[in-house]
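So the chains spell out like this:
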Amino acid sequence: MNMPLVKTEPATVTPAATAMVLALPPKRRALATRTAMVLGKVAERVVPPVVVIAVALLIWELLCRRAGSTLPPPSRVLSDTWELIIDPFFDRGGLDKGLFWHLSASLQRVAFGYVLASFVGVALGTLVGQSTWAMRGLDPIFQVLRTVPPLAWLPLSLAAFRNSEPSAIFVIFITAIWPIIINTAVGIRNIPQDYRNVAKVLRLNQFEFFYKIMVPAAAPYIFTGLRIGIGLSWLAIVAAEMLIGGVGIGFFIWDAWNSSHISEIILALIYVGLVGFILDRIVAGVASVVTRGTSAN
Amino acid sequence: MPTYPYLKIDHVDKSFTRGSTETEVLKDITLGIEKGEYVSIIGHSGCGKSTLLNLVAGLLPVSAGCVLLENQEVNDPGPDRAVVFQNHSLLPWLTVYANVKIAVDKVFSNAKSKRERHDWIMHNLDLVQMAHAKDKRPAEISGGMKQRVGLARALAMEPKVLLLDEPFGALDALTRAHLQDSVMAIHTKLGNTVLMITHDVDEAVLLSDRIVMMTNGPAARIGEILDVPLQRPRKRLALAGDATYLKCRQRVLEFLYERHHFVEAA
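Read top to bottom, the protein sequences are chains H and B. Quick note on this note's numbering: the first sequence kicks off at 1 and runs consecutively. Quick note on this note's numbering: the second sequence kicks off at 1001 and runs consecutively.
Isolated chain H (complex conformation):
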């Protein structure tokens, strides 16, 4: 939602540059038209989202401006939260911290739970994908457990750990692990028989087969699972933090609600969305580097 702030600039620059181009002497026209074309291409990408966001903000502003509206208009949000936006790093002790600290606390929990889920998930997925017996035994359990909503695990984990920090991490873990297990298992099961035959002719042992054939062959599937997993982790952490309290973006939102700082809630939502987007792009980026060549055949 704060995208227009960033993206309005290139959009306004574009027509200006094109206008300048036309004024240039004919000799430099080749270069000038090329520049204009590049700017045109950029504008094609940038203009639609900028326009849509601008219109959305305008409608929001008009709807919420009138007296008695329950939600603040974007201009109020900006002025209310200006201090939080310009200084995300303040720390006045306790829970009175800048948004950077809240986000970083949430990210740390996600990092722990997600990394744990990645390792356990890939290992279990490999087992289920490789062994028919394990699949028959474990798959029904997975299929039932994966439908349990993340927050439903929280009371149980609080009871088990008697501490909010490991409980939050466990909720992330249990949320992220299912797509990782299931996708890894599908990837392993879909390894072409040809690759298995190559491994057999070469007499690769179990360990060599695992890291030379299985992991690279299943990598596109594994990364699909990891990508879904990171998205779900980020969904779950906000909800979990609202319940467990402490420093974290989820509790920040809950706290803002309790003190009726609606503008702060809106700002926090924008940050949550952006961080989730960045996390997804990071995993997708790693995937495209690691699996380069694998999917192409």
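Calculated from the structure, these hints are not laboratory results. Each hint should be verified, as a subset may be incorrect.
[Said to hold, decoys possible] Distance ranges between label pairs, derived from CB positions: (1) H:Pro149 to B:Glu1024: 47 to 57 Å; (2) H:Leu138 to B:Ala1064: 33 to 43 Å; (3) B:Leu1190 to H:Arg189: 32 to 42 Å; (4) B:Lys1114 to H:Asp139: 40 to 50 Å; (5) H:Asp139 to B:Gln1250: 56 to 66 Å.
Heads up, the beta-carbon is just placed ideally off N, CA and C, and yes, glycines get one too.
Using the hints provided, position chain B relative to the given structure of chain H.
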């Protein structure tokens, strides 16, 4: 001491069971192949010729009988019977060089030093004229090139028997001819023992010392074995009008299309 062939397929049966129905694919196959011999197996599709190759490779277990290599029974797959698969089976995430390396590193991990292994990989890539593409990935090279790399990978294992499973089946006619010439040159140079599956009559006559013709399944048998008494090295163009070549070709065609013509239901 009785003499025995280098590779012996001895009274082999193969049947597949699915549920309660048992399908007999191969029945009483007996075939001996001498060292350095080039033998082709030809038959209509579905006659079980690929199954036979997989039995020799050890990728499938025999139902009865046995496969003997140098008078030793072989049950498991191994690098002494390297396979060139129909669809190349290169690992797409590895470069051409790494695809051969994975075989060389495994087979010669103790016998050769790192330097020698590198030289051996390059030697085999040279042999199939693929050294120039060693850093390319399979997706970046043509179908014929992939098959060459597959051949280099198999040759690099120094197999006792080279098993070719319709290696040129998926290629266009020109590329196929080119690769056949390469295989002939390599066979002349190295004297490998080769067992090749094919459905191409010209290919079988051109490359083989003997052609094994299979009857149609189910329960396919060896119908006839034809000697190809052509001198090596063989030249594709010179043979096109050669009387012996044409006679052999005629014999195979008669077998396939008159006596054992393809039955759709089979």
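Ala1064 of chain B and Leu138 of chain H - C-beta distance against the hinted 33 to 43 Å
Holds, at about 38 Å.
Range hint compliance [Cβ, Asp139 of chain H to Gln1250 of chain B, 56 to 66 Å]
Roughly 58 Å apart at Cβ, these two residues keep to the hinted range, so it holds.
Whether the CB-CB distance between Pro149 of chain H and Glu1024 of chain B falls inside 47 to 57 Å
About 54 Å separates the Cβ atoms of Pro149 of chain H and Glu1024 of chain B, which means 47 to 57 Å holds.
Taking the CB of Leu1190 of chain B and the CB of Arg189 of chain H, does the distance hold inside 32 to 42 Å?
Given about 39 Å between the Cβ atoms, the range holds.
Taking 40 to 50 Å as the hint, is the beta-carbon distance of Lys1114 of chain B and Asp139 of chain H inside that range?
44 Å, holds
The structure meets every hint from the earlier list without exception.
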